[in-house]
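S.K.: Here the structure of chain P is known, so what remains is to put chain Z in place on it, guided by the hints.
Going down the list, the protein sequences come from chains P and Z. Quick note: the first sequence uses the numbering used here, first residue -4, plus one each step. Quick note: the second sequence uses the numbering used here, first residue 4, plus one each step.
No lab work stands behind these hints, which were simulated from the structure alone. All clues given are correct.
List of simulated lysine to aspartate or glutamate pairs, EDC-like, C-alpha gap at most 20 Å:
(1) Z:6 x P:254
(2) Z:94 x Z:37
(3) P:340 x P:416
(4) Z:42 x P:1
(5) P:117 x P:156
(6) Z:67 x Z:86
(7) Z:80 x P:1
(8) Z:19 x Z:40
(9) Z:94 x P:5
(10) P:62 x Z:86
(11) Z:80 x Z:17
(12) P:58 x Z:69
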Amino acid sequence: MEYSLEEVMETVNMTLFHNFDIRTVTLGLNLKDCIDSDIEVFSSNVYDRVTEYGEKLVAQAGKLEEKYGVPIINKRISVTPVSLIIESCDADAPIEIAQALDNAARDANIDFIGGYGALVQKGMTRADARLIDSLPDVLSGTERVCAFLNVASTVSGMNMDAVIRLGGILKEISNRTGNGVGCAKFVVFSNAPEDNPFMAGAFHGIGEPDFSLNIGISGPGVVRNVVEKNRDCDLTALSEIIKRTSFKITRAGELIGRELAANMGVPFGIVDISLASTTKVGDSVAGIVEMMGIEKMGAPGSTAALALLIDAVKKGGAMASGNVGGLSGTFIPVSEDSGMNAAVKCGALSIEKLEALTAVCSVGLDMIAIPGDTPAETISAIIADELSIGVVNAKTTGVRLIPVPGKKAGEYVNFGGLLGETYVMEINRFSSRDFILRGGRMPSPVTSMRN
Amino acid sequence: MTKYLVFITVIGKDRKGIIARISNAIFKHNINIEDLDQKVMEGYFVMTMLVDMSDSPMTIAELKKELSVIENEMGLKIQVQHENIFQTMHKV
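Bound conformation, chain P alone:
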């Protein structure tokens, strides 16, 4: 046989026993040509575009799941940043378009639709401001719409006026949705990628063609399994082993992504090689780090271990595909990763350590529950801290914080389903108010003098 039994079984075991899956196939859709001065026509154009392609996506993805025996967990759509397409519309347009997106996603059986957002790193247009003001209504009034804001970049610095508004807006979204779960559908970014397939921050950037099929692969369980089988090797050898595994799963992801794009008649975009954990036991990024020899995620050594892990994943992925893109970092969403959660519960992991992890590899403070009484300025300050790491290091960082109304540090909260469960994290009680309220724009950093 052309293949050894071991080779065949390696692939089969990945899918049967180690949770290898395509985490998401996300079709980017240009909506600029849907614009109409009549909001009813405009909404109807948006609805028709999303349902037509959403239905195709779901049907074709289902066929490939059968063909390759690899589950495709989420079928999603990302669209042109909505603030761009409502520039010429009335004040009600944001809500109308959000509703059209939500209805279309529901009717096409798309679980989340991303792109309700704006890029305001340097300043806001009237439409950007309207969209930001609409976030509490949209995130509490729709089911499947995900929102993003890019408020900082290495080239432009950070728009602190937008950051100030976000503290209050997050609290409002939180107060209007059960357990603050509306905040799980909103990410604030620095250096947001235009082709990210993962929610909540996916959008179809302005440099993209009419359509772009992007794919997010996932295999924390697969990587954990190879680390478990190689308990005694040194870190150089371990990196090599992880690299090989990453190569294989990236190749499989690209195969499925390309074939799906071809079957739909749309261009293939990118493979995002981020390790994305789920709430399933064994499918945890923290679990990999702990298998590498760290007693609990967050202990000293966690940053180094995670840096080694994602570097090996990137090297394997980059050799496997010429189309690696999107976020391609580590996702360590606290509530969605059973190992991260356990580390928070036992006190091994703090928000400050999570911030440190983002300096080397992780893409942000993700799915973190914070006390409901955290002051708005403190939330803005946490966002500013996290995004500064992205700005200065020329990388993407994002923040998805969930202030949980009525809950204090240490209390348990369940967001339901894939959003998981967690414990409210302790937040430093000292104030940043006077700094944050200065507003303005933090200038872009000097990019030489790198120390």
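M.R.: This is chain Z only, laid out in the frame that chain P set:
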């Protein structure tokens, strides 16, 4: 005619008749066995069968459904996957 190659992989406790039942099921649907390999790995019987479905009216989904009857009756795990994924992962 271009071949439509598919791997049928079986994992479970070794017992009589596994290969016979699977071969019989696929023979009925005009599926040709191209290659076959089996061994005991980590205490389990594993078998991989490379088959050509180009002359069969069946889809992979239908084949999977048919084999799931054997899977349940004999306490096995059976996976059916197009060969492309193995080629992509293991042959550069």
